[in-house]
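**Q** The residues making up each chain are set out below.
Number of protein chains: 2
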Amino acid sequence: MSLKPAQVLLLVLVFFMDSASTGNVLVWPVDFSHWLNMKAILHELTAKGHQVTVLLPSSFQAIQFSEPPPFQLEEFHVPMSKEYVETFVEDFVRIWTYEMHELSFWEFFIKLYEIMEKIMNISKMFCDAIFLNRKLLEKLDSTGFDILISDPAVVCGELLAEKLHLPFIYSFRFSFGNTMERLCGGMPSPPSYVPASLGGLTDRMSFMERMRNMLFYFSQDIVFQQVIWKDWNKYYSDILGRPTTLCETMGKAEMWLIRTYWDFEFPRPFLPNFEFVGGLHCKPAKPLPEEMEKFVQSSGEHGIVVFSLGSMIKNLTDEKSAMVALALSQLPQKVIWRYKGKRPETLGANTRVYDWIPQNDLLGHPKTKAFITHGGTNGVYEAIYHGIPMIGIPMFADQPDNIGHMKAKGMAVELNIHTMTAKDLVDAVNTVIHNATYKENAVRISQIHHDQPVKPLDRAVFWIEFVMRHKGAKHLRVAAHDLTWYQYHSLDVIAFLIVCVALFVFIVVKCCTFCCRKCGSIRKKSKKE
Amino acid sequence: MSLKPAQVLLLVLVFFMDSASTGNVLVWPVDFSHWLNMKAILHELTAKGHQVTVLLPSSFQAIQFSEPPPFQLEEFHVPMSKEYVETFVEDFVRIWTYEMHELSFWEFFIKLYEIMEKIMNISKMFCDAIFLNRKLLEKLDSTGFDILISDPAVVCGELLAEKLHLPFIYSFRFSFGNTMERLCGGMPSPPSYVPASLGGLTDRMSFMERMRNMLFYFSQDIVFQQVIWKDWNKYYSDILGRPTTLCETMGKAEMWLIRTYWDFEFPRPFLPNFEFVGGLHCKPAKPLPEEMEKFVQSSGEHGIVVFSLGSMIKNLTDEKSAMVALALSQLPQKVIWRYKGKRPETLGANTRVYDWIPQNDLLGHPKTKAFITHGGTNGVYEAIYHGIPMIGIPMFADQPDNIGHMKAKGMAVELNIHTMTAKDLVDAVNTVIHNATYKENAVRISQIHHDQPVKPLDRAVFWIEFVMRHKGAKHLRVAAHDLTWYQYHSLDVIAFLIVCVALFVFIVVKCCTFCCRKCGSIRKKSKKE
Chain E
1 MSLKPAQVLL LVLVFFMDSA STGNVLVWPV DFSHWLNMKA ILHELTAKGH
51 QVTVLLPSSF QAIQFSEPPP FQLEEFHVPM SKEYVETFVE DFVRIWTYEM
101 HELSFWEFFI KLYEIMEKIM NISKMFCDAI FLNRKLLEKL DSTGFDILIS
151 DPAVVCGELL AEKLHLPFIY SFRFSFGNTM ERLCGGMPSP PSYVPASLGG
201 LTDRMSFMER MRNMLFYFSQ DIVFQQVIWK DWNKYYSDIL GRPTTLCETM
251 GKAEMWLIRT YWDFEFPRPF LPNFEFVGGL HCKPAKPLPE EMEKFVQSSG
301 EHGIVVFSLG SMIKNLTDEK SAMVALALSQ LPQKVIWRYK GKRPETLGAN
351 TRVYDWIPQN DLLGHPKTKA FITHGGTNGV YEAIYHGIPM IGIPMFADQP
401 DNIGHMKAKG MAVELNIHTM TAKDLVDAVN TVIHNATYKE NAVRISQIHH
451 DQPVKPLDRA VFWIEFVMRH KGAKHLRVAA HDLTWYQYHS LDVIAFLIVC
501 VALFVFIVVK CCTFCCRKCG SIRKKSKKE
Chain G
1 MSLKPAQVLL LVLVFFMDSA STGNVLVWPV DFSHWLNMKA ILHELTAKGH
51 QVTVLLPSSF QAIQFSEPPP FQLEEFHVPM SKEYVETFVE DFVRIWTYEM
101 HELSFWEFFI KLYEIMEKIM NISKMFCDAI FLNRKLLEKL DSTGFDILIS
151 DPAVVCGELL AEKLHLPFIY SFRFSFGNTM ERLCGGMPSP PSYVPASLGG
201 LTDRMSFMER MRNMLFYFSQ DIVFQQVIWK DWNKYYSDIL GRPTTLCETM
251 GKAEMWLIRT YWDFEFPRPF LPNFEFVGGL HCKPAKPLPE EMEKFVQSSG
301 EHGIVVFSLG SMIKNLTDEK SAMVALALSQ LPQKVIWRYK GKRPETLGAN
351 TRVYDWIPQN DLLGHPKTKA FITHGGTNGV YEAIYHGIPM IGIPMFADQP
401 DNIGHMKAKG MAVELNIHTM TAKDLVDAVN TVIHNATYKE NAVRISQIHH
451 DQPVKPLDRA VFWIEFVMRH KGAKHLRVAA HDLTWYQYHS LDVIAFLIVC
501 VALFVFIVVK CCTFCCRKCG SIRKKSKKE
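Those sequence lines, one after another, are chains E and G. Residue numbers are given in this note's numbering: position 226 of the first sequence equals residue 226, and the series is strictly consecutive. Residue numbers are given in this note's numbering: position 142 of the second sequence equals residue 142, and the series is strictly consecutive.
Keep in mind that the hints are not guaranteed to be accurate.
The list treats identical chains as one, so a pair stands whether inside a single copy or across any two.
[Said to hold, decoys possible] Pairs of lysine-lysine, DSSO-like flavour, derived with a Cα cap of 30 Å:
1. Lys-510 / Lys-474
2. Lys-409 / Lys-163
3. Lys-455 / Lys-252
4. Lys-367 / Lys-320
5. Lys-407 / Lys-139
Hints were generated in silico from the structure; no laboratory data involved.
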């Protein structure tokens, strides 16, 4: 069958009509700080005219809309209250921050997996709430979505996409030891210079660190494949009605939009369907509220220090908060502290405490000299965006790793929440403000962030639209997905070659021995003769 | 030392002044088809106001300017005439195309390395002509260049950059078995799904193919490191006055602008300082010359076939050209054939032969149905750009590989120049025109090419400007460059772990044996007692 010119024209027309039209987007979000990032993408998608529907578990915390959002919310009931989730998260933070730091390396990870098991149980409730709700499934199926965007920090987004026969894209920060990216996404990670997430290492490792990194990868592989994912593999197979695994399903993602970039990340190998869109939520600073601006301006040439430990840390112990307040009171800078706990008595006149602060606007203010932070990815990226050096007081999850990255890039110093003294805090603030290299590095990293061919948010939206236009992005998917692990690492080939060489050597040796013997016996014979 | 606000402002101003200013670019070009690609970049750079100086060996063929180029030419004398180079290249093409195809796999590669040795000798003449010319070196040093752009198909560009203390960028198609990209650029290439250049494989390989691919990589590594690069390592060390290697120097490239993209390439892992900018020379079609347009229009609904074996094949044997002409005469399409050899007597009325054709304008013409090509990268990319299916008749260098890629992507059929008959050619043309999948795939691949966040040429220019603005792109450079090969592959760690495990097992066994003996002797003793 040949294509007539009219048919070709039609093909081209269909393509351009398609590319001009808007799409229908289904979203599988994750709560808390994860939502901030997803929200930025969804706002941009709706601004470009796409229909966006967010699947919202009834326990979701992060959405507290002062005005109706520009997207649809498809709420579904999960058998737990918002308070339950809130308490769980508070426990989670407390255990990880205050209890686990005294454990040994292995005890720490055993505790971690207990927490993860709990998270997995909660995830399972979310999944059940979707997949046992036939009415909701039918509604979603009949809506005619073009794509599903999922944050795989809570699984089942990919399962829903498979169930609805939709192409899907991930918006992702990281998995423990990059297990999902490596084992499911196919991302190559040589342990010699690619540090595992949560391992606390950089890309320049000593022999012992390289060993630690390798063992960390290895242990994660075992734990995830043999323990954590086992139940999910059965769940996914049951829902889809065919044998499959969580990892296989995840591997079908058209794109992985990773929430970092080379400003933050150590350079590493990656795949064509991985886009590093870190800092996509960052924006230029808006003017501050009048009262705050006045306070900031009153700092004179000393400028201000912005201090926040994120939305998850609401309270410090009285002792700790008094120590922190005392330290802050000794700074010549004015300090803006976001803190919901009891106001400490040692609070200095230079420090103001707020329940909530416009963090991005403060970090973008010309008077801002330093940022004291717990090291959440969103905050770190706002500091990068505005070129502000940091004092990191990491507590849990990826925070120690994030601050480790910023330390290695020379734009942060790190303090230990458990051992730091008032003097340590004062010294740290003075160091990042008065040692010019911190500001220089912050400006350099900020330039790297801003000097990209396309802004991170535009790249994220481009690839979402691309997948909608072309019904996927298969041309970016490596063939590695169709190999077994031993084929991927060429172990079968290596084994075969070793056997061949061994066989060859064996035959040569046997032949030689045979010849030698023959010669020997001939010589003996001739000697006898 | 703290930075005052005025200093920070100055820093920011310097950055923006710098980013707005234009740069001074030095170019180390490679002749023939390589130049076409480089030229497109240089034209764009000059259009953006940058000063461009091309280092031109006196034997250079590809520049025949009808009007003065928009860039400076710094000609330097090499002790060989243009005719010598022309004859060498003709020999090279003849040997590779007509003599080598009858050789066995290993004989082929021995012959290939003979050719490569010759090329290396010519390269050495180029290098000597630069590095023994102190006056030229001083002139280049005093000019104050900001960057050097090099095509490493001919070495020494990186050496010149090092000598002049300039950051440098590569514009590169490929090296044999990707040896340079892998060993010098740090590009990870799992042999299980990343086929080596010139290996003739795709990303989906059988067991035997995976073994072939692995052995191919391995043999290239040995040959390049132990044979071909040995002399260069000494040369580079002598020129720089310190021990170094060709590969180490190449590894300092800030960026590798690779002349392919995922439309053509099989998806594979890559590094942050590799940009795939294939097809950057492609442009929309311009109107054809009047006479040619008339001929094209006379084709009616059958349309036309464009036929070119590239600028390097000037003659076919009389027999071969007669066969080809006969085949073309049997097509209902009109045929436009670029051919410099003797006009065959069998030429049909539907075929016109030209010394030169506006290939891109023809491929972009709505009447064009198919492209018969030798499979050079530039031509293949023009076909991709315009979505035209191909009949590939590859002859030498990367041509078989290129056509292999296009076959695997479903937009080409392949013919063997040595064995094809007139019927084969007719059948092939009919297949790509009348089997709609070829056109559909060509349109799909073309859409992938056009649907990128930033056009290839703009991306290439962006990164060149980035390196000028920031005096490098070190944030994209993996730490792998600072590891030895055994550290990179974690062989030292693996060996250490094996020793540890072996030692542990040994101690456990010894302890057990000791205990057993002890128990045994006690039992014996007690029995005796």
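**Q** Each hint: holds or not?
**A** Cross-check of the supplied hints:
| no. | hint | in the structure |
| --- | --- | --- |
| 1 | Lys-510 / Lys-474 | neither (53 Å within a copy, 56 Å between copies) |
| 2 | Lys-409 / Lys-163 | between (43 Å within a copy, 29 Å between copies) |
| 3 | Lys-455 / Lys-252 | both (26 Å within a copy, 27 Å between copies) |
| 4 | Lys-367 / Lys-320 | within (27 Å within a copy, 78 Å between copies) |
| 5 | Lys-407 / Lys-139 | neither (49 Å within a copy, 42 Å between copies) |
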